[in-house]
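Chains as they are written, first to last, in numbering that gives the first Met the number 0: chain A, 0 to 336; chain B, 0 to 257.
Don't take every hint at face value.
[As the list claims (entries may be wrong)] Within a straight-line C-alpha distance of at most 27 Å, the following computed DSS-like cross-link-like pairs (lysine-lysine) qualify:
id	chain 1	residue 1	chain 2	residue 2
1	B	54	B	118
2	A	313	B	139
3	B	29	B	106
4	A	75	A	131
5	A	194	B	106
6	A	194	B	63
7	B	118	B	29
8	B	139	B	29
9	A	110	B	54
10	A	301	B	126
11	B	29	A	194
12	B	70	B	118
13	B	54	A	75
14	B	108	A	194
15	B	29	B	126
16	B	54	A	194
[As the list claims (entries may be wrong)] Covered by chain A, according to a simulated footprint, are these stretches of chain B (three or more residues, beta-carbon under 8 Å):
id	segment
17	6 to 20
18	63 to 77
19	188 to 201
[What the hints assert, rightly or not] For the chain A half of the interface with chain B, some residues (derived, Cβ under 7 Å), not all of them:
id	residue
20	165
21	173
22	189
23	199
24	308
Treat the hints as calculated values from the structure; they're not laboratory data.
Think of the CB as a built atom: it goes at the ideal place given N, C-alpha and C, for glycine as much as any other residue.
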Amino acid sequence: MKITLQQISFFLILASLVILPFVNDSRTLIILLTQIFIFGILAMSYDILLGYTGIVSFGHAMFFGIGAYTTAVMLKQMDATLTMFLLSIVTGMFFAGMISFLVGLLTLRLKSHFFAMLTLAFSGLFLVVAEKWRSVTYGNDGFTFRAPDIFKERITFYFFVLACLAVIFIALYRFVNSPTGRILIAVRENEQRTKSLGFNTLHYKVIASVVAGIVASLAGSLYSLSLRFVNTSVLTMDITLDALLMTIIGGVGTLVGPLLGAGVIEYAQHALSGLARDYPIFERWIIFFGILYILAVLFFPKGIIGSLRMLFWKWRSRRKGNKKSPAALPHKKERFE
Amino acid sequence: MEPILRTENLTIRFGGHTAVDHVNFNMPEKHLKSIIGPNGAGKTTFFNLISGELKPTAGDVYFKGQSLCQKSAIARTRMGLGRSFQITNVFPNLTVLENVRLAVQSKEKIRYQLFRHYKSYQAITEKAEELLTLVLLNNKRDALTTMLSHGEKRKLEIAMLLALDTEILLLDEPTAGMSLEEVPAILEVIRTIKNNGDKTILLIEHKMDMILDLSDSIMVLFNGQLLADGTPDEIMQNETVQNAYLGGLYDEHLTEVK
Chain A
0 MKITLQQISF FLILASLVIL PFVNDSRTLI ILLTQIFIFG ILAMSYDILL
50 GYTGIVSFGH AMFFGIGAYT TAVMLKQMDA TLTMFLLSIV TGMFFAGMIS
100 FLVGLLTLRL KSHFFAMLTL AFSGLFLVVA EKWRSVTYGN DGFTFRAPDI
150 FKERITFYFF VLACLAVIFI ALYRFVNSPT GRILIAVREN EQRTKSLGFN
200 TLHYKVIASV VAGIVASLAG SLYSLSLRFV NTSVLTMDIT LDALLMTIIG
250 GVGTLVGPLL GAGVIEYAQH ALSGLARDYP IFERWIIFFG ILYILAVLFF
300 PKGIIGSLRM LFWKWRSRRK GNKKSPAALP HKKERFE
Chain B
0 MEPILRTENL TIRFGGHTAV DHVNFNMPEK HLKSIIGPNG AGKTTFFNLI
50 SGELKPTAGD VYFKGQSLCQ KSAIARTRMG LGRSFQITNV FPNLTVLENV
100 RLAVQSKEKI RYQLFRHYKS YQAITEKAEE LLTLVLLNNK RDALTTMLSH
150 GEKRKLEIAM LLALDTEILL LDEPTAGMSL EEVPAILEVI RTIKNNGDKT
200 ILLIEHKMDM ILDLSDSIMV LFNGQLLADG TPDEIMQNET VQNAYLGGLY
250 DEHLTEVK
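Model the full structure from these sequences, guided by the hints.
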């Protein structure tokens with residue numbers, strides 16, 4: 000079997016992340032990395048929609064929230080054991096899959112902007128349910144719950160999340176490189192043409208939405224457990240926007256990009272808010288954050304990975320002395336029209 | 000013999016405008032028929048009605064005697080009606096090979112395989128390469144489609160259409176917007192397909208020399224109506240057609256409008 004450069008880099012990065020806690024056991028670092036991994040999973044799931052299928056959804060938080068609440072409620076109402084936690088992940092994924100299937104079937108027939116609006120409405124619906132169903136969700140205030148004993152150690156949870164991330168990454172990587180994954184890309188590139196080739200594009204958009212929903216639900220489950228707390232914030236637009244920005248900043252349609260995006264954004268949030276201790280102006284860190292976003296989108300419209308890929312192609316084509324190679328990738332704007 | 004494709008009173012209206020007006024036509028099997036007519040005659044709309052992109056206001060299309068009225072464009076492609084588009088319509092950010100490979104994948108019904116790597120389907124890649132060679136595009140197989148010239152994109156369109164291996168090919172102005180040097184290559188490709196003798200081809204074109212050279216029969220559309228249908232010789236000698244092209248009918252039409 001031929002081992003590719005990508006596989007080698009994957010295992011090197013994975014190995015260093017496994018070793019890292021033994022080299023530097025700073026609690027803050029472990030918590031930050033766990034958070035990055037969780038949002039990395041969420042951002043990758045969003046990339047399946049935005050980057051691979053060309054669907055803009057404003058309701059992705061809905062699936063994240065379903066996972067978060069399922070885990071939180073099950074651990075609160077029943078025993079806080081590892082089995083229950085695993086069961087809650089599966090239950091959350093099941094619900095998220097069912098709901099994304101139904102919502103997808105109902106809405107994905109619509110043109111992109113109508114679809115985006117409708118997903119916003121659906122996710123609003125879930126937010127209202129979480130606010131009003133106080134007997135279970137404790138309304139806006141949310142509730143705390145106990146984590147399974149095994150996860151009392153932050154480090155165990157770190158490894159668990161890292162394992163989830165690795166498995167999801169491999170699974171999604173295989174998925175986007177499967178024949179079905181290629182059709183998703185075709186839908187993104189030109190939906191009408193995909194139809195005229197005899198593919199029922201609705202089916203593929205629903206498949207993408209179910210896969211993305213299930214993965215987002217896993218991220219939600221892990222997120223609520225990492226905080227041992229859940230409230231309605233997991234269902235708000237902020238979560239969807241975070242996923243969207245991580246994907247765009249990292250590079251849409253790359254899978255690795257969103258992971259990197261999650262890292263950059265989570266770290267920037269952490270660093271900027273940390274600066275507030277010394278410089279009061281950074282208490283308004285969100286403003287600086289906004290500026291960072293604008294600069295990134297202006298100067299790296301293809302995201303970090305997209306821009307790196309461009310540089311690589313330019314370098315390769317210059318080496319080959321062939322200036323007419325994929326270096327002239329069209330602008331991202333074109334790609335999503 | 001039952002025609003492979005036929006329309007009955009096929010009509011579509013957009014508001015007050017009748018773009019295709021009670022067209023009845025028969026298409027014998029393994030036949031090459033060209034559709035001609037001035038701009039706005041309803042040629043592409045007629046194609047859209049056959050391929051299912053548009054639904055008729057009245058009338059129906061029959062493929063091998065079966066009504067297509069309730070069939071979607073996707074279903075029609077799967078039944079055996081493939082079409083190319085007047086405005087090049089490919090997947091811009093994929094490579095040339097990948098474009099054709101997607102079409103072959105559709106033909107081979109590889110639709111819901113979620114985990115096997117797409118490159119492991121060797122036969123599909125080979126078939127795609129074979130088609131690219133046929134349309135003289137194999138040297139560009141790894142180029143992104145956006146990098147192709149207009150003529151090359153048209154060739155790619157044809158390769159994708161052939162990949163679907165449908166019984167009927169609907170070619171909408173395959174040489175539209177091409178430079179004179181590029182036309183013979185396309186002409187050659189169409190001739191090869193015709194000479195292979197297993198396809199029924201419906202062709203919209205403006206280049207008369209090409210039409211006369213290739214067609215078994217020609218139909219003329221004018222203001223959405225079928226003006227004439229016959230062999231190239233019959234059409235050339237048809238007075239109504241001559242008037243239409245020389246402007247006689249058009250003048251009459253204008254006077255009516257006034």
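Checked hints:
{"no.": "1", "hint": "54/B / 118/B", "verdict": "violated (38 Å)"}
{"no.": "2", "hint": "313/A / 139/B", "verdict": "holds (18 Å)"}
{"no.": "3", "hint": "29/B / 106/B", "verdict": "holds (20 Å)"}
{"no.": "4", "hint": "75/A / 131/A", "verdict": "holds (18 Å)"}
{"no.": "5", "hint": "194/A / 106/B", "verdict": "holds (13 Å)"}
{"no.": "6", "hint": "194/A / 63/B", "verdict": "holds (22 Å)"}
{"no.": "7", "hint": "118/B / 29/B", "verdict": "violated (35 Å)"}
{"no.": "8", "hint": "139/B / 29/B", "verdict": "violated (31 Å)"}
{"no.": "9", "hint": "110/A / 54/B", "verdict": "holds (19 Å)"}
{"no.": "10", "hint": "301/A / 126/B", "verdict": "violated (33 Å)"}
{"no.": "11", "hint": "29/B / 194/A", "verdict": "holds (25 Å)"}
{"no.": "12", "hint": "70/B / 118/B", "verdict": "violated (33 Å)"}
{"no.": "13", "hint": "54/B / 75/A", "verdict": "violated (56 Å)"}
{"no.": "14", "hint": "108/B / 194/A", "verdict": "holds (14 Å)"}
{"no.": "15", "hint": "29/B / 126/B", "verdict": "holds (23 Å)"}
{"no.": "16", "hint": "54/B / 194/A", "verdict": "holds (16 Å)"}
{"no.": "17", "hint": "6 to 20", "verdict": "violated (count 0)"}
{"no.": "18", "hint": "63 to 77", "verdict": "holds (count 4)"}
{"no.": "19", "hint": "188 to 201", "verdict": "violated (count 0)"}
{"no.": "20", "hint": "165", "verdict": "violated (16 Å)"}
{"no.": "21", "hint": "173", "verdict": "holds (5 Å)"}
{"no.": "22", "hint": "189", "verdict": "holds (5 Å)"}
{"no.": "23", "hint": "199", "verdict": "holds (5 Å)"}
{"no.": "24", "hint": "308", "verdict": "violated (12 Å)"}
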